[in-house]
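Engineer: Below are the chains, spelled out letter by letter.
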Amino acid sequence: MYRRQFLKYMGSSGLGLLLSRQSLLAQEAVPDRFWISVNAGGGWDPTYFVDPKGNRPRLDGRGPVNNYSVNAIQSAGNIRFPSSYPEDIDPPDANSPGHFANFFPKHASRLLVINGVDTQTNNHDSGSRYVWSGKIESGYPSFAALAAATTAPSQPLAYISNGGYDNTASLVAPARIGGGDVFQKLAHPNASRPTADVEKRREYFAPSIYAGIEQARMARLQRLKSGSSLPLKRSQLDELLMSRVGDNNLHKLVNLLPDRVSSGLEGQAEVATAAFASGVAVSANMHMGGFDTHGNHDQNHSRRLTELLEGLDHLWAQIELKNLQNKVTVVVGSDFGRTPFYNDNNGKDHWNVTSIMAMGAGIRGNRVIGATNDHVEALKVNPQSFRPDPNGIILTPEHIHLALRRMAGVPVQLSSQFGISGQELNLFS
Amino acid sequence: MAALRKVFSAVFVMLLLLISSSALAGSSTLSNGYLSIPRIDVDGYGSMELLFRLEFNEQYLLVLEDAVETSDGIENSGVFDPVQQTIDVDRVELDDGKIYSVQLLLIQNDEQIIFSIADAIHLNPGETPSGQTNGYEATTEALALYGAQCSSCHGVNGAGLAGNPSLIACANCGNESALSNYIRDTMPLGQSASCDASCSDVLADYIMGAFNSTNQQVSRETIGFIQILSDGETLRRAAQQLVSRLPALDEFAMVSTEGDAGMRKAISGMMDEDAFHLRLSEIFNDYLLTDKYHSRNGSEAAISLLSSDDFPNRRWFDPGKENRGENYNAERRATNDGVAREPLELISHVVRNDLPFTQILTADYMMVNPLSAKTYGVEGLPFSSPSDANEFLPVQLADVPHAGILTSPMFLNRYPTTSTNRNRGRARVVFDLFLDTDVLAIEGVRPGNSVDITTPIPTINNPECSKCHSLIDPVASVFQNWNHKGQYRPARLSKYGWYTDMETRGFNGESMPLAGNVDSSVQWLANQIASDPRFPKAVTRIMVNGLTGKEPLQEPDSATGSQAEVGAYIAERTQLNDIQSRFVGDGYRLKTLVEEIMMSPYWQADGLAANANAVAHASTGSSYLLTPEQLDRKIVSLFGFEWKRSLDNYYKDVSNSSTSQLNKIFRQIYGGIDSDSVTTRLKSPNGLMGAMQLRMANELACYAVPRDFWSPQGERELFLFVNHDMSPYDDSGALDESIMTRVRQNIQYLHVYLLGEELPEEAEELLISEQLFMDSLNRGRQLILASGGEWSDIALPGDCDVTKELNGTLLYEKDVRDDRLREDRQYVIRAWMAVVAYLLADYKFLYS
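Chains as they are written, first to last, in our numbering: chain X, 5 to 433; chain B, 34 to 881.
Read the hints as simulated data drawn from the structure, not as lab findings. By construction, the Cβ of each residue, glycine as well, lies at the ideal position given by its N, Cα and C atoms. Keep in mind that the hints are not guaranteed to be accurate.
Said to hold, decoys possible - Reference listing, derived: stretches of chain B covered by chain X, where coverage requires no fewer than 3 residues with Cβ under 8 Å from a Cβ of chain X:
1) 290-299
2) 447-455
3) 712-720
What the hints assert, rightly or not - Listed next, the in silico BS3-like pairs over lysine-lysine satisfying Cα-Cα at most 27 Å (straight line):
4) 685(B) <-> 667(B)
5) 685(B) <-> 229(X)
6) 256(X) <-> 716(B)
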């Protein structure tokens, strides 16, 4: 029963840290299942796209829920969406992949929409926390962090975060990457312009000279280690040497990036999928803000949603390009929803009921589950069919996360450390 | 040997090995990669001693190296199972004193005889000094009292039971009288009345005699193996850690002439500098995490936490969208940071003014700068300037019972509460940060595994729950006058009052006296904590982490900890207890604590004596990977500029924080925190961090070397002995020894300046650096020769050349002047760049 401790001792008793590290690494499988959380920061309005209500006036006199025509609501498969936009705004380019009329017909077959999710809050912090961790209390890791900790906790890039709720509860070290440039810089430390085309790339040192510097650096670290009698210093030098050995995966990742990494969500998608395909990452947070449209809602929200859907379209293209469509699960969500009526500034304020979208591996698409009434209040649904049922349950982020954790195979020990109470539902398949 | 190997191999094949299982077990040893088994009896061949070599090939393997005859006088060491083909080795002693019983499984029996390790069982757990009385004879009364009052939590041998602290080298065990007082006032928890002064005297005597009489001896012996840094190295490390600069000449002189007293004086002087207070804030923020609300994380991240009902002037800087002036954003951020950094500034204020550190909790005031003062509606404070955001003064808000950090809106918001949590989260943090007590380590069943829905008030009536809740709920109740937003709202004035199904206000088993405390209960708690001996221990833990990169050793598990591990813990804890005593004795002066830590052999450790036990010193020393903030400041102190982009563009970047590589782009990649969702620093470099170190070294060498050569001699940092046109080769191609002498001098200087490495002229390390210089130079000259002097080979890389002054002034005007440095025809500059790039990627540059 103490075999592990005994082996641990042997790994550090003069046999070299290298051996124990190799054995540790050997235990960590190369990831082959990946997860992406896409966060629409600020609180999106599901009624604008996946839970459409249209411009029918509310009976209580507070105006319509939306300003686009009820007649514009169409279906692609089972996914309902407005095919046109309110008349008084600049609509997106008709050819944009983020235009509703393009996005939903193209992706409906793989898309799952969960409507009527009650976040029980209209506070940005707690909403974001609840939607992405499954707990409204603070201190719980995001699902993406849990997934990374499940598969490859010691990979330096296991969890790539571009912002949003990315608490890790110290389970994994999050890699917050600003853009693709960072990888180029790190993969080519001797290149003064690492993002330039190869023929235009300048180097600080001629290759033969740099090889000499590198050799001298490693030899120096070895000498310092041999000359030190302090165990702490020796182990630090071991760690430093290991970090310098050279990470082939980093080069692999860089080789899988486009020549020019895009900006915004599209760039985030390119980095995340390259990191998956090169085997260095398990999960990624993609993030864009701007959904907190307290003023001029229709115009501002339309622009944000177009950008979001363009990003998702690009993400899926990247996933297919790297042949990962059976390995990547994408979940899209936001802090909460927006009011089913307009304020005095033609804006919409915070509303606790929201929607979640999912696509990719493990997701049975072409489905809409959960529901809201005309005033966008969450309806109780049957826990099997997910159709409205007065004896059913209100869907909450807990249900989403219990199902996600099961799909990701989060071990019981880890899951109970960050326990979520609630009924396990077969939401995704 | 070959014959014996053959015999032994045959023995296994023929299953002829017979072991007398009734014989007393002898000890085998595993040391330096070899397992030695003193005796196994082989029927027909006599007794044999076996020697195995340890190998790793996907798993640990033991390869038979030698088998020699041995005498019957040596005890048997194990049992061979001919059916299972296993050897059970009764006792294997490891270097660190641990003893295992190990089962080996034969997996190969041909040219080599190889065993794998099938199982290992730890033997004789907890054979520690804790189990010994070391000659101390306990009285019957002491044994009875200890058994009745203490052993159910601390264990019969004082080693502690799960979740309860050990009494060996405990925080109060430095002084018997203080220990007695502590027992009298607080023990047993919640029943302190059951042990009066005479009882506590007896128990203190017993605890000191039975469990702690050898602490000082163990500590002395353990510390005796430590070799410490030279005075110069100690001073450099102190300056780097405390104020991110090199020591000044007068500091060197002080140490040189006054020894330890001079070192203390130098350290004390550093703690008067602003740079120290910046570092102090970082050290404490790593625990408090209130920088979550710094403007880096949102321009009004802190201000937005304040209610406009309480502070109608909170956004005083905003005259309305149409009327905003050019200072709007700067004032907004400075105001926000004044609010956000209030708890850290309180710490700074207490330390700067040599106030008792307990005031970080007991202060009946808060800190404001001229801008945040306006937010809080405070007027008339004697600021030296109305716009200096770095000047903080104490202030009392009307009708607010301040209790230092505990009532800071930032602290209360950073650790918020809900109607179900009822301030328990806050209580947990208070125990953790200010009492060094992890309440989550206390045994008991928690929601997630089981929820008790049958007991009326589980937190009080269910023993599984009350184990923990009886400790934290009274403290949680103390916070009842502060709501979830950190606003002061006395519970007695609210419609429903405080919860009645919860423990009432108290601490350490003592109920809070209501008289005078009802609306100011956190002040009462602050005073309780301030007089608790765990408070200095908690502060010491934070400072040790800040100054050594790691927290003090945790007490080893009493079941599995080896003697060496227990000894290491006792030695370090005893040292820290002494240090804490001096901290408390000097009126809780934090600077004294810093001084004492830095003067301790643990902090100054540089090496170990040859015969030292490595396990007992596994974490001895104070070097750690510099944080991104510290590395950034170190670069500024050595080069005079931050690591941003090329220096030709520095004038554009100088005030643009987004171009800072270590504070922005690589901050989190290099292990930094944002105090929000990323709250734990990475302390070991991973592959990304290793790559960043190389890029940093290469870029800085490129920026700094040509710029330094371009600068006039008197303004240089790096090249005091050479110029960029000083090639070691003369016109005829021969080595110019006079230049080489200068090259060697400069290399020697660079080792000191960049690494703090003082080496004699003939040191091998200097020769190696010189060789790198010459190799780079020669290779470069060959490249130039081979290309026939192509401009691309002569010119410095684009980002490295010097075409502008740091302020952006062009160094070239057609037909007027050309003061640029772009060419390197002799390859001298780039050879020096190679040496600097080599040194900047070094352990001694990257670690404290």
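Engineer: Does each hint fit the structure? Answer for all of them.
Structural biologist: Verification of the hints:
no.	hint	verdict
1	290-299	violated (count 0)
2	447-455	holds (count 3)
3	712-720	holds (count 7)
4	685(B) <-> 667(B)	holds (22 Å)
5	685(B) <-> 229(X)	violated (42 Å)
6	256(X) <-> 716(B)	holds (26 Å)
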